[in-house]
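Q: These are the residues of each chain, in order.
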Amino acid sequence: METETIIETTNLTKRYGRQTAVNGLTLKVKEGEIFGFLGPNGAGKTTTLLMLLGLSRPSKGSATVCGLNPLRMAKEVKRHVGYLPENVGFYEDMDAVQSLEYVADLNGFKKVEAREKIDELLEIVGLKEEARKKTAAFSRGMKQRLGVAEVLIKDPKVLFLDEPTLGLDPEGAIQIIDLIQSLNKEKNITVLLSSHNLHQVQKMSHRVGIMIGGNLIAEGSIDSLAEEKFGVGEKEYSLEEIYMKYFQ
Amino acid sequence: MQGLYAVFKKELQDHLSSYRFVILFALIAMVSFITSYMAAVHMRGNLEGLASTKFPFLMLFSTPGAMFSMVQFVAFFGPLIGLILGFDAINRERTQGTLIKVLSQPIYRDAVINGKFLAGVMTITVMLVAIVLVISGFGLAFVGVVPGVEEIWRLFIFLIISIFYISFWLGLSILFSILFKSIATSSLASVALWIFLSFFISLGAEVVANTVAPIDRKNEVQPEVVLENARIKEMVSLSSPMVLYSDAAATIIDPMRKTTRSIILMGPMEELLSARFQNPLSLGQSIVIVFPHIIALIAITLICFAISYLVFMLQEVRT
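In order, the protein sequence lines correspond to chains S and V.
In terms of my numbering, the first sequence is residues 967 to 1214.
In terms of my numbering, the second sequence is residues 27 to 345.
Just chain S, same shape as in the assembly (with noise of 0.2 Å):
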């Protein structure tokens, strides 16, 4: 299958001052793949995030996400791309149905679109029963759920998930796993996540990349990644002890 870079970016940078927070970041997704971004708190992957999606303006390189300049065409961007904050926030005065109602909106969509989309992906999201129950009583799992949801509202051709699985059980964490490969073989939908769970993201990414302090220091399918810090052996080798060795 012939498949499309997605999503590029060439010497991006960004600094805080004098503190840098990505350093020269070159990197290529491609259309269909879910990509891992892997590293320790503050190395930069919200931020890099940030700017693919044009709400952070890079001190310097440039990005394409769907062919568009995120820093010019943020909004055409936008419309593409899904982004799942880490520590998603709802209104809390608000009930599942009115949150997703509100995003729908906010997407321009008219009312009775949005009814049948939301009742759509109440159902992918298993939140059929919790539709009218008050945002502020969710289990995280649930809030996680619901904002996958909401991203899905605008059809998106990439998701951007920032630590999807964070502080949710193991059951709910598998839930929202099999949600992201699902969308992904079933829609093609690009995945750009990050996480801290090694675990996780083996299992679903094609490929990973492992940034440091704002570098990415490594970058390719799992498999690639062990021939090179361990050679080619019999033994294979989980992502955990390939990241462990980045480090070392």
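All clues stand as given, with none of them false.
Within a straight-line C-alpha distance of at most 27 Å, the following computed DSS-like cross-link-like pairs (lysine-lysine) qualify:
no.: 1; chain 1: S; residue 1: K1041; chain 2: V; residue 2: K35
no.: 2; chain 1: S; residue 1: K1151; chain 2: S; residue 2: K1109
no.: 3; chain 1: S; residue 1: K1100; chain 2: V; residue 2: K35
no.: 4; chain 1: S; residue 1: K1099; chain 2: V; residue 2: K35
no.: 5; chain 1: S; residue 1: K1083; chain 2: V; residue 2: K35
no.: 6; chain 1: V; residue 1: K35; chain 2: S; residue 2: K1109
no.: 7; chain 1: S; residue 1: K1094; chain 2: S; residue 2: K1083
no.: 8; chain 1: V; residue 1: K35; chain 2: S; residue 2: K1077
no.: 9; chain 1: S; residue 1: K1109; chain 2: V; residue 2: K207
no.: 10; chain 1: V; residue 1: K35; chain 2: S; residue 2: K1076
no.: 11; chain 1: V; residue 1: K207; chain 2: S; residue 2: K1100
Partial list, derived from the structure: chain S residues whose beta carbon lies under 10 Å from chain V:
no.: 12; residue: T1013
no.: 13; residue: R1023
no.: 14; residue: K1041
no.: 15; residue: E1042
no.: 16; residue: V1043
no.: 17; residue: H1046
no.: 18; residue: P1051
no.: 19; residue: V1054
no.: 20; residue: E1058
no.: 21; residue: V1069
no.: 22; residue: A1070
no.: 23; residue: D1071
no.: 24; residue: L1072
no.: 25; residue: G1074
no.: 26; residue: E1116
no.: 27; residue: K1120
If you are wondering where the hints come from, they were derived from the structure by calculation, not from laboratory data.
For each residue, glycine too, the CB sits at the ideal point set by N, CA and C.
Model the placement of chain V on the given structure of chain S, informed by the hints.
A: Positioned in the frame of chain S, the structure of chain V alone reads:
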């Protein structure tokens, strides 16, 4: 536009259904009811036996009654409405984690701040119009005065000025909610500035005037010094939006008021005029007198909002 409308709709809904608004509205409705009642009682007493009074309807708004008039009431407590509607506009969304979610939707960034500001202005408008209508209805029923065309125009201009005045405070509190990350800080900061600009400026005006042009009571008092003193006092106190507003509103609502200046600063002709001719000013002349005030009020409102707008557009989303 679609983003702006969505934010506007949601914010307006929030405002109108929040307890905050209900309590505020109940309070204001109550106070304005009492004010107009007082004014009405006062008027009934005073108007009896008079052949014809000019503009009795407007007196409902400008007569102090027992405590204060409607105009004074808006001047003092109007700012609170603006502050309460805006002090947590941005930073609540930030701490809640909803700001970044909204901004990552396909809307322009300014849709958020414009929508919030416009929704606040709309709420203020609804509130003020309701109150003015209530007082008018009350006047019709209780005193039996019917407004003339000019009176309606004056009320309309009074409403516009009041909306701008309260919107200034709304813009200010939104600015603070952008600048300060914590809701407690932003609310305190806006209340502090309100108290400073509304109550301390007049004290400060006196201090500044007495320092620059001290009136020496022991020796012979020079008229030039007294004049200078009064002029400086007026200049400094005009930097308070409250003074700006109450001068403008009182002149518009009361056709008998011919100047915003104190007696001491009037020229001899002006003094003569106000003593000799007891006729009301025409609407156009009233506007001419306070035109600078009105323009200044609109300008500070727009400047305040423009600063919020700029800061919000340039601020990093995360921080």
